[in-house]
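Taken in order, these protein sequences are the chains called A and B.
If you're matching positions, the first sequence starts at 1 in my numbering and goes up one per residue.
If you're matching positions, the second sequence starts at 1001 in my numbering and goes up one per residue.
These are calculated hints, taken from the structure and not from any lab test.
One or more of the hints may lead you astray.
Unchecked claim - Distance condition first, Cα-Cα at most 30 angstroms in a straight line; then the derived DSSO-like pairs of lysine-lysine: (1) A:94 x A:68; (2) B:1083 x B:1013; (3) A:94 x B:1013; (4) B:1098 x B:1085; (5) A:221 x A:58; (6) A:205 x A:178; (7) B:1009 x A:94; (8) B:1132 x B:1098; (9) B:1296 x A:16; (10) B:1121 x A:94; (11) A:46 x A:221; (12) B:1104 x B:1079; (13) B:1013 x B:1098; (14) B:1121 x B:1164; (15) A:178 x A:16; (16) A:94 x A:58; (17) B:1085 x B:1147; (18) B:1085 x A:94; (19) B:1196 x B:1013; (20) B:1132 x A:58; (21) B:1083 x A:46; (22) A:16 x A:94; (23) B:1098 x A:46; (24) A:204 x A:221; (25) A:46 x A:178; (26) A:27 x A:68; (27) A:68 x B:1296.
One-letter residues, chain by chain:
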Amino acid sequence: MIKLVDVSKEYDNGVKALSNINLEINKGEFVFLVGSSGAGKSTLIKLLLKEEEVTNGKIYLNDIDITKVPNRRIPYIRRNVGVVFQDFRLLPNKTVYENVAFAMEIIGAHPREIRRRVPMILSMVDLSRKASSFPDQLSGGEQQRVSIARSIVNNPPVLIADEPTGNLDPETAWEVMKALIDINGRGTTILMATHARDIVNSMKKRVITLENGRISRDEQKGGYELEIPNI
Amino acid sequence: MNLRFRIFKNIMKQGFQGMWRNRGMGVASITSISAVLMILGIILILILSINNFVMDTTTKFDEITVFLEDDINDEQMTKIEEKAKENEGIVSIIFESKDQALEKFKEDWGDEAYLLDGLEKNNPLPNSYIIKIEEIAYAQNLVNSLKGLDGVEEVKYDKEIIDKLLVVADYIRLGGIIVIAILVFVSIFIISNTIKLTVTSRRREINIMKYVGATNNYIRGPFIIEGVLFGLIGAIISIFIVYYGYEYFFGLVNERLYSLFSVFLIAPTMIFTDIAIIFSAIGIGIGALGSLVSMKRFLNV
């Protein structure tokens, strides 16, 4: 599903963010990406979304080498990858329903299909009752679940979550995790970058640890093994 | 096809929505486009009127007179005629005899023609060819080809007046074009700033659209439509102001202008279609270009 072959990224200012990353994530996996700030997590995600270009190497998404995809085709690549961010990124002047429907309108989905699918996805993340609320009327956990609903409404095979629980307290964080686990259970591959030690340790899923732009660990049923820096 | 139509409909809808939401700034854009087009209209009418005047005048000078020597023989005359016919742009070649020339003179002098009485016997006027040409531009070559031929005394046409006139007209046209170019540039700048404000206020939305996989055209579309609508509204307003304004001015001034300088202004009905087309095209162009310029920075993610 996702495969990185010898991927390196050096920014224009000379910072080496990633060096010789080799990685394969299979369909249906739930993978945590951990590492301290500056280890290269964000860069890796940006490369997968083609927000940044690799310096070296190849990245395959669904067997397509996205490093070779021309810029104007990027939108079509992104339709295969749902994204969830730490800061939710919802449209404040649209309701929950409209925020989710928006993602379908963009790709020109049939109105009938939108009316059918949006309520279904909202019930999946347990937000049916909030369909006509505006984002600022929701809790953080609810907002993040709206954002998850939006990211999967077009049925992408892969979902990338960049610290989705970063802004949430532990309890609401678990609401969000439940939604992600549920989505993973329906076959979507999930790659989640996180600092949440508790979540990683209790989920017993594959954990990839990045340190200084290299993969230092890659364990099935792993844990959050990074040392807490002495402050 | 169906999918494309839905996407197109979405873009149109968002464009109109954007214009409505952004109407405060929109008024500023529309006003500036209208103002630019109005100035453009005035310059345009000025140029067209001057063009009209120049054209009118040059056709009055589309004759070349070849004066012939008195002792010319038939052979020389046919040669001159043939030589003249070799040139481009010849409309007609008419021979005017001494006697005809005198008749014309008398006509021109009207009541004072009696002063010319008695000249018939010793007519000082030469025989001549009057050559009509299509355009004054053909004159120089024709003159050169006839000068110095046997039997030709002199070739005359009002070169200097016409040359000066053409040069002046050229300068006025050039000046007009420069002023118009500057104004168009300024209004592109104004509209791009207006659109930039909308774009900035909707940066969040644009960002999300990108991550969900909206194509650049889908993101750009509504803003371009917004810009085009501003441009079009500005154009329509200025078309009416310029047209009715000019019509009023024309009614006020044309008669007097003609009696003073024997010059007509160009009639308002003659230019309405041209102005409508030119203004709409420029308004739409300014709007679309302005949006494109302001969007450029935001699409590079």
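Going down the list of hints, with the structure as the test:
| no. | hint | verdict |
| --- | --- | --- |
| 1 | A:94 x A:68 | 36 angstroms, violated |
| 2 | B:1083 x B:1013 | 70 angstroms, violated |
| 3 | A:94 x B:1013 | 16 angstroms, holds |
| 4 | B:1098 x B:1085 | 22 angstroms, holds |
| 5 | A:221 x A:58 | 27 angstroms, holds |
| 6 | A:205 x A:178 | 14 angstroms, holds |
| 7 | B:1009 x A:94 | 19 angstroms, holds |
| 8 | B:1132 x B:1098 | 19 angstroms, holds |
| 9 | B:1296 x A:16 | 29 angstroms, holds |
| 10 | B:1121 x A:94 | 103 angstroms, violated |
| 11 | A:46 x A:221 | 25 angstroms, holds |
| 12 | B:1104 x B:1079 | 26 angstroms, holds |
| 13 | B:1013 x B:1098 | 80 angstroms, violated |
| 14 | B:1121 x B:1164 | 41 angstroms, violated |
| 15 | A:178 x A:16 | 35 angstroms, violated |
| 16 | A:94 x A:58 | 38 angstroms, violated |
| 17 | B:1085 x B:1147 | 14 angstroms, holds |
| 18 | B:1085 x A:94 | 80 angstroms, violated |
| 19 | B:1196 x B:1013 | 19 angstroms, holds |
| 20 | B:1132 x A:58 | 78 angstroms, violated |
| 21 | B:1083 x A:46 | 81 angstroms, violated |
| 22 | A:16 x A:94 | 40 angstroms, violated |
| 23 | B:1098 x A:46 | 95 angstroms, violated |
| 24 | A:204 x A:221 | 4 angstroms, holds |
| 25 | A:46 x A:178 | 25 angstroms, holds |
| 26 | A:27 x A:68 | 22 angstroms, holds |
| 27 | A:68 x B:1296 | 23 angstroms, holds |
Taken one by one, the earlier hints fail for this structure at numbers 1, 2, 10, 13, 14, 15, 16, 18, 20, 21, 22 and 23, listed in ascending order.
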